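Participant: These are the residues of each chain, in order.
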Amino acid sequence: MEHATSELAPIVVSHASYLWLIPLFPLVGAIINASIGWKLQGLFGEPREMKGGRGKQLVHSIAVLAMAASFAVAAYAFFQLRALPAEDRYLQQTLWNLLSAGRLSVDFAFALDPLSMMMVLVITGIGTLIHVFSIGYMAEEPAYWRFFCYLNLFVFAMLLLVMGDNFAVMFFGWEGVGLASYLLISFWYTDPEKAKAGMKAFVANRFGDFGFIVGLLLLFWGLGGAWQAREGYLRNTDYAPAAAMNTTAGGALAADADALAPRVEGVKVGPTMNFRELRDQVVIEATGVKEHLAGSTIWGVSLLTLIGMLLFVGAMGKSAQLPLYVWLPDAMAGPTPVSALIHAATMVTAGVYMVARLNFLFVLSPSAMGWVALIGALTAIFAASIGFFQYDIKKVLAYSTVSQLGFMFIGVGTGAYWAGVYHLLTHAFFKATLFLGSGSVILGCHHEQDMRKMGGLEKHMPITRWTYLIATVAIAGFPIANGFYSKDEILWKAFTSGHLALFGQPTPWLGPAIYVIGLIAATGTSFYMYRSYYMTFTGEYRGGEGHGHEHNEDPHAAVAAHTPAISAKVHASDGAVHAHGTGHAAHTLDVPAAGHGGHADHGHAHGAHDAGHGAAAHDDGHDDAHAHGHHGGTPHESPWQITIVLATLAAGSVVTLFLGIPVLWQHTFLHASTAPLLEHWLEPVLTAKVEFAEGTPAMEWLFQGLGVAAATIGFVAARAVYKDNKHAAALAAGIERFKGAWTVVYNKYYVDELYAFLVLKPSVQLARALSWVDGHLVDGLVNAAGAVTRAFANLDGAIDKYLVDGAVNAVASATMGLGRSLRLVQTGRIQTYLYGALGGALVVVLLVFLLP
Amino acid sequence: MFFFTEGNVLSWATFFPLVGAGIIVLMMIARAFAGLDKKLVDEASRWTALVFSGLSLAAAVAAWMLYDPSVPGAQLVAQVVWIKAFNVEYFVGADGLSISMVLLSGLISFIATIASMPWWSGEKAAEMAGMVDHDHGHGHDDAAHPKHFSVRMVPGYMAMLLLLQTGMMGTFAALDMFLFYVFWEVMLLPMYFLIGVWGGPRKEYAAIKFFLYTLAGSVLMLLAIIGLYYTSQPYSLVDGTRAAHTFNLLELARQGQTGVFASAAPILGFAFTKIVFVGLFIGFAIKIPMFPFHTWLPDAHVEAPTPISVILAGVLLKMGIYGILRFNYALLPDATAWAANAMAVFGVINIVYAAFVCLAQKDLKKLIAYSSVSHMGFSLLGMAAMTPQGISGAVLNLFTHGIISPMLFLIVGVIYDRAHHREIEKFGGLASELPEYTAIMGLAFFASLGLPGLCGFVSEFMVFSGAFPVFTTYTIISATSVIITAAYYLWAIHRMFLGKLNKAYVGYPDLVWRERLTLYPLAAFAIFLGFYPQFILSAVNGTLHALVQNIRPL
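Protein sequences appear in the order of chains A and B.
Under the numbering used here, read the first sequence as residues 11 to 862, first letter to last.
Under the numbering used here, read the second sequence as residues 1390 to 1943, first letter to last.
There may be inaccurate statements among the hints.
When the alpha-carbon atoms are kept at most 35 Å apart in a straight line, the in silico DSBU-like pairs for lysine-lysine are as follows [stated by the list, open to error]:
#1 1815(B) <-> 1892(B)
#2 61(A) <-> 1889(B)
#3 1751(B) <-> 1663(B)
#4 758(A) <-> 1473(B)
#5 771(A) <-> 1751(B)
#6 771(A) <-> 1428(B)
#7 49(A) <-> 1892(B)
#8 61(A) <-> 1663(B)
#9 1889(B) <-> 49(A)
#10 758(A) <-> 1889(B)
#11 206(A) <-> 1536(B)
#12 206(A) <-> 1889(B)
#13 758(A) <-> 1428(B)
#14 1473(B) <-> 49(A)
#15 206(A) <-> 1815(B)
#16 1473(B) <-> 771(A)
#17 1751(B) <-> 206(A)
#18 1427(B) <-> 771(A)
Hint data in this document are derived by calculation from the structure and do not stem from the laboratory.
Keep in mind it's a predicted model, so treat the numbers as computed, not measured.
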């Protein structure tokens, strides 16, 4: 199933001393805003929450400049990388030795190869755009500085993740993005639900991390085990340096570890955390590492399969796959730019990146690949089905993201690594566009997220509408935008992959089965995306009807309205006030009287909101909206910082299609047969070659046709049902008819409830039980020991008091009594004494004689 | 380095605090007889404590800098005959095992001393902000509302604190078994008084529990020490006198590693080394504290004043692991190999069991006390594996936990000074009111739950990677703690800091300068070590790897 790995050579490294600057800039930006951002925001004496205040300009300038600088360095690195011969594209920089002990030696080091280069460009490029978007979107946020600080921090961690030269640095980033995600989801932390969503994300990810860590340990162990047969794991791989160290230097060990490491054919072998060393020893067959790993089993399971599956558990957490996806929809509690950057374009693709990075490892285990691809396919269709019936526009996009990530895993799982990575790239563009578009919609509709209260926005928000439409076309899979190319390649490769296995058994049917699942999911994708488009942008605006507000999840500006009054209290924490915006009820019930006082001057907080838009319309909505929950008023197009970003990303969603023009098309239209640009670019990294079944051009055309047909079916169906929102009544009736099934899907198959029942509750109960055991049994024993000792002491004391001391006292009293009686004897007359002495002598004499 | 030399630096580090304690005692006497002003004596004793604790830290830092990791064996040695009749020497020195603990001990002692000052009192700030009912404040000193520990019987407190510091530093520096035991016991008494006099409502119970529990361990230890002494072979004292037996730990280690103790006559049918091992081990395990000997810890922590909790968690707990490495590992290699599996099992129990118990805690300080129990389990697991990564990870864990747990206890102290309770459920939304405090709390909590980039992660990861080849299943079970730990910390954050601000806490003052002085250095250290753990590892690796190589010579 694989070939062409034997002639691979060890990677040639080019040192680049500037790589550290790429993550450094965002880090510095984060540090500046964390330490003095709050002061900067109030530097000019304006209220800190003031929209467009000069202080805020300083804050976002720092953040955006940091991003732009990082992007510039990354671009420079790109050109340097491109100038190198394809096989030697590997820039590396070692900063310092992180830790070393025995054969575990880890450097804090960065590397850029074509794969991480692409990721870095996406992160810094799209990241910069989203920073710009945030200027407009978060304009009314009092904790502006905190937002940009977290955003920069996230980018820093994400860059560590993709630029790490070894597992350790990657894991620094892996967890770092988890932290940033936690902070950003819980950004409006005064709302307990949002805070809980952040917690859920972090803990769910920790389940994945558990798998990741164990997989990593297994890998490290397995690599050490490679030398067990010859030299013994502990002795020679771990202790040979230690032996040297006894006589020489303990500290010098770090420097020597490299020199002392065993080499075969000039390739360093044995346990390593370094991707390059790992890759070299695995792909170069002369080392024998591959054979050893492939032949190893643990607990009766193939070692490589277990490693692959466990590492993928890590990916399940970060990339929100079944069954660990549950945190991602909840993560929509964060501000929308966060959803776009972290929960669509970058962080959630980390799992895909990791599998692609370790392609040489995964390819060795068809079972692990089958597992990855199958989970991906199931997630794709499962999440798509939930997406059908969500009303919250961000929730639709969230489930869509989960589903699209599933597609990516189909790609990297079946061995079409470049296709999976390409889908990562295309998805980054179109999903960022969609999320930011939804953000623009939410802003335009005065913080409404329920699509049932939108509609007709095409008239009010033309730029948002067109960009959203382009991205919808892309994700649905029409060939005029990028999504088609990546998705089609993935599905085609899935169909032609006969090499997958499950649990060690070859399963040639798995590839086609995944194809069918994927095609259905793609139809669903097209349907729910067009549904969201039609519900939002067509028909009449339904926002002014004064519905209940249960879906309002993005209340930050609602809050801004209240902030002036409370501004005395708004300091670094700012978010304090956000809780008031959670819903309709909150406004009337929970806001203290002081909060309402703010209505008088919230004009300036909201005033610049719609520059270039109907000011009258705004004023119209403004009193009403702020008194009754912000869904009144006419929607309006968003400010330029938002629209320009939308336009750029939408353009990117089209332009990037040129990175993946299929060979078939090139052959047919250009009479060339070069690989798609991106495939060619990634080739030096994605060396694992998988044999796919050869398809005839006719078949390929047919499958591309099927892909377009799927998109069309979804589109037509959604158009028929949702266009102009004319059939709402019929729809409601339809839902009523299938209420049971609808409820199950609408409630996301009750997976959250299942988790609560199966994991959460038992854990807490176990914790309580153990705590009881600790307090009553373990400590009880200690206290019992104490009590027994005390009882014994009391007994002892009693004995002491009554027996021992009693005896002493008895002796004493006897003596005293005797003395007292003897005093009688002491008469002072000499005769009495003489009698006494005589008597005594007599007694003594008698005793002497009588006793033997 | 200044006037510190290789020969005297550890002695200075040890005895500076004792000198300070002596000066304070003199001041107390002077006060009693010359009728000095109480306030003056209080303030003078505070400054004395601060200066001498600072000098001790300076000496510890000097020792760290004078220490050459490339030289095997003990360094910075001072050795003179102390009690000739019993072949006891005053013998101090540092090797890779103790040098990091010397540094930690100096650092944490000094920070605890700062934390014992009443300056910029958080309590006072809270009072001035009108937050606290004045009955809870300084004015009264009745049973229900005792005065803050930092203003109660100050000279006595400071003298005890300094004496404790001498005991700790001496324990780490001692290379003579008898001297070690003396310092070990010297620690016990001041600790008893510091908890029992300056502690919380159930201070007497906690202090006595701590004292008796530790003493029970000490007795076993003493018996083992006597047994070892009388089994040891002749050796020369430093002045050249030939002695029948020796207390010299380095010599004892050499003898142990050449099989002197392994060939000793059995006791009651049990191998000598095993009996001695168990005696020593229980004595040290109580200090770690290892399940099931851990229940004194939550009580002691909950009742102890903040700086004492800091010392208890930051330094005292480390002595258990340190002692096992210094005695059991070095002197009884064969028994150590015999006990490795049991140690690993107890390590796993500590890690997972205590983590679950944390999840159920309602008192923040108790939660953190149990998290200490959980984290010390990593050291047990790592050292039981006896791989280079495992043992280095175990000792690194001592250091990282010694940085993180003092932070955590200081953080509890901050909120307790203001609110006079620690019930997690009673707080809520504090982040809005105390942003700086929240940030530093977040850093400490995330460091403790093992976030990469902060120091807790590195030691955890090294222990896992070291233990995995030897105790695969145990390691996997232990690794579940990454989930539970995250859960209990985040849940605590959620309940205390997030959500809507509890009205009772409106207007609470944020961190004051004294708190910053204690928290920021530790935070900086936590980040520094998170990115550069080799700082510690390069000093400890050599000695530790040689140590475990003796135990399992494969």
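Participant: Each of the hints needs a verdict: does it hold here or not?
Facilitator: So, going through the hints one by one against the coordinates:
1. Simply put, residue 1815(B) and residue 1892(B) have alpha-carbon atoms about 11 Å apart, close enough for the 35 Å limit, and the pair holds.
2. With a CA separation close to 25 Å, the supplied pair residue 61(A) and residue 1889(B) stays within the 35 Å bound.
3. Simply put, residue 1751(B) and residue 1663(B) have alpha-carbon atoms about 41 Å apart, too far for the 35 Å limit, and the pair is violated.
4. Between the alpha carbons of residue 758(A) and residue 1473(B) the distance comes to roughly 80 Å, so the proposed pair goes past 35 Å and is violated.
5. With a C-alpha separation of about 17 Å, the suggested pairing of residue 771(A) with residue 1751(B) holds against the 35 Å cut-off.
6. In summary, the hint linking residue 771(A) to residue 1428(B) is not supported, as the alpha carbons are separated by about 55 Å, beyond the 35 Å threshold.
7. Proximity of residue 49(A) to residue 1892(B) is assessed by CA-CA distance (about 26 Å); at most 35 Å being required, the pair is judged to hold.
8. Distance check on the hinted pair: residue 61(A) and residue 1663(B) sit about 73 Å apart at the alpha-carbon level, beyond 35 Å; violated.
9. For the hint pairing residue 1889(B) with residue 49(A), the CA-to-CA distance comes to about 24 Å; that is within 35 Å, so the pair holds.
10. With a C-alpha separation of about 28 Å, the suggested pair residue 758(A) and residue 1889(B) falls inside the 35 Å cut-off, and the hint holds.
11. Our distance criterion of 35 Å between C-alpha atoms is broken by residue 206(A) and residue 1536(B), whose separation comes to about 39 Å.
12. Pair hint residue 206(A) plus residue 1889(B) holds up; C-alpha atoms about 13 Å apart against a cutoff of 35 Å.
13. A C-alpha spacing of about 68 Å is found between residue 758(A) and residue 1428(B), which places the hinted pair above 35 Å, so the restraint is violated.
14. The suggested pairing of residue 1473(B) with residue 49(A) is violated, with an alpha-carbon distance near 67 Å, which exceeds 35 Å.
15. This hinted pair checks out: residue 206(A) and residue 1815(B) have alpha carbons roughly 18 Å apart, not beyond 35 Å.
16. For the hint linking residue 1473(B) to residue 771(A), the alpha-carbon distance of about 64 Å lies beyond 35 Å, and the restraint is violated.
17. For the suggested pair residue 1751(B) and residue 206(A), the alpha carbons sit about 19 Å apart, so the restraint of at most 35 Å is met.
18. Annotation: proposed proximity of residue 1427(B) to residue 771(A) is violated, straight-line Cα distance about 56 Å (limit 35 Å).
Hints 3, 4, 6, 8, 11, 13, 14, 16 and 18 from the earlier list are contradicted by this structure; the remaining hints agree with it.
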